[in-house]
Amino acid sequence: MALEVETRPAANGVTVVAPTGRLDVAGAPALRDAIGDAVRNGPPKVVIDMEGVSFVDSTGLGSVIAALKQIRSSQGELRLAAPNQQVRVVLELTTLDRVFPYYATVEEALTGF
Amino acid sequence: MQGRRQFEFSASFSDLAEGLDVLHASVERLRRATGRAADDRPLMLFETALGEIGSNVLTHGSPGANARPVEYALWLSGETVEASLTDTGPAVHEHLENPMPGVDSERGRGLALARTLLDDFGYERDGEVNRWRLVKKL
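Here the protein sequences line up with chains A and B, keeping their order. For the first sequence, my numbering assigns the number 1 to the initial residue and increments by one for each residue that follows. For the second sequence, my numbering assigns the number 1 to the initial residue and increments by one for each residue that follows.
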């Protein structure tokens with residue numbers, strides 16, 4: 001099941017990147033490419049809408065960390081929205097929840113961004 | 001002594017995407033066979049560990065055109081789910097006890113995460129084969 005990634009503009013120059021499927025070792029490159037395109041084509045303010053992500057593995061999370069580094073190097077900001085239970089558990093067990101503040105919905109993530 | 005198995009599944013594969021699909025589909029079959037909810041936490045934790053070891057095996061475990069396919073089995077005995085994976089990649093003893101890397105690292109979390117998620121996690125080198133064993137009480 002290949003990861004599909006949609007990108008859409010939101011208010012205040014924020015880009016919402018919405019992957020659907022498993023964000024794993026097979027899907028990670030698609031997210032990495034989409035984030036790279038978003039940062040190249042607009043302000044480095046990105047929300048990753050995780051609602052459609054059914055499963056994440058450590059390689060998938062690695063692609064999110066790479067995105068965070070890329071965005072911060074451009075003085076930007078990355079927020080995660082709507083992670084499911086499995087994603088939240090993996091973030092907590094890897095202590096990455098300290099790095100990625102996550103929001104219950106995309107709308108919450110966009111507030112004040 | 002091995003108890004009666006209420007569920008059994010086995011497969012072999014070489015391709016990364018196909019292999020990952022098979023692993024997740026097998027857990028879904030187990031979930032349905034046991035009537036567990038989609039958000040059943042122990043099974044979700046087991047599937048997460050299986051995804052980590054499966055992706056390791058599929059990306060590092062089958063070097064060369066003549067490599068044998070990965071052999072996979074999943075079964076349930078009582079309340080304990082167990083999986084085995086075998087691959088013909090290089091031995092990985094030196095990586096087994098790697099700690100969880102820092103938050104800036106983009107890789108190296110898989111084995112540490114799997115150890116945390118499972119009740120028992122086994123690895124042995126058997127000749128030219130790696131044998132992995134993943135166990136979790138549901």
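Bear in mind the hints are in silico, worked out from the structure with no lab data behind them. Hints may be right or wrong, so weigh each one.
Stated by the list, open to error - Only part of the chain A face toward chain B is listed, based on derived beta-carbon distances under 8 Å:
(1) Thr20
(2) Asp24
(3) Phe55
(4) Ala81
(5) Gln85
(6) Gln86
(7) Leu93
(8) Arg98
What the hints assert, rightly or not - Some, not all, of what chain A presents toward chain B, calculated at C-beta under 7 Å:
(9) Val25
(10) Pro29
(11) Asp57
(12) Ser58
(13) Ala66
(14) Ile71
(15) Leu91
(16) Thr94
(17) Pro101
(18) Leu110
Bear in mind that the values here come from a model prediction, so they are computed numbers and not experimental data. Backbone N, C-alpha and C define an ideal beta-carbon position, used for all residues, glycine too.
Hints versus structure:
Given hint, Thr20/A at the interface with chain B, is violated; its Cβ is 15 Å from that chain's nearest Cβ, farther than 8 Å. Restraint check, Asp24/A versus chain B: the minimum CB separation of about 6 Å is within 8 Å; hint holds. With 8 Å as the threshold, the beta carbon of Phe55/A comes within range of chain B, its nearest partner Cβ sitting at about 7 Å, so the hint holds. The closest approach between the C-beta of Ala81/A and any C-beta of chain B is roughly 19 Å, which is over the 8 Å cut-off, so the hint fails.
For Gln85/A, the interface hint holds, since its Cβ comes within 8 Å of a Cβ in chain B; the closest pair sits about 6 Å apart. This hint holds: Gln86/A has a C-beta 5 Å from the nearest C-beta of chain B, less than the 8 Å allowed. Against a cut-off of 8 Å between C-beta atoms, the interface hint on Leu93/A holds, since the closest Cβ of chain B lies about 6 Å away. Hint status for Arg98/A relative to chain B: holds, with the closest Cβ pair at about 7 Å, below 8 Å.
At its closest, the beta carbon of Val25/A sits 4 Å from a beta carbon of chain B; the interface hint therefore holds under the 7 Å criterion. Interface hint status for Pro29/A: violated, as the beta-carbon distance to the closest one in chain B is roughly 12 Å, over 7 Å. The restraint placing Asp57/A at the interface with chain B holds, with a minimum CB-CB distance near 5 Å, inside the 7 Å limit. A least Cβ separation of about 4 Å between Ser58/A and chain B falls short of the 7 Å threshold, and the interface hint therefore holds.
For Ala66/A, the interface hint holds, since its Cβ comes within 7 Å of a Cβ in chain B; the closest pair sits about 5 Å apart. The criterion of a C-beta within 7 Å of any C-beta in chain B is not met by Ile71/A, whose closest approach is roughly 14 Å, and the hint is violated. Using the Cβ-Cβ criterion of 7 Å, the hint placing Leu91/A at the interface with chain B is not satisfied: the shortest such distance is roughly 10 Å. Because the beta carbon of Thr94/A sits about 6 Å from the nearest beta carbon in chain B, less than 7 Å, this interface hint is met.
This hint is violated: Pro101/A has a C-beta 13 Å from the nearest C-beta of chain B, more than the 7 Å allowed. With a least beta-carbon distance of about 24 Å to chain B, the hint placing Leu110/A at the interface is violated under the 7 Å criterion.
Comparing the model with each numbered hint stated earlier shows that hints 1, 4, 10, 14, 15, 17 and 18 do not hold.
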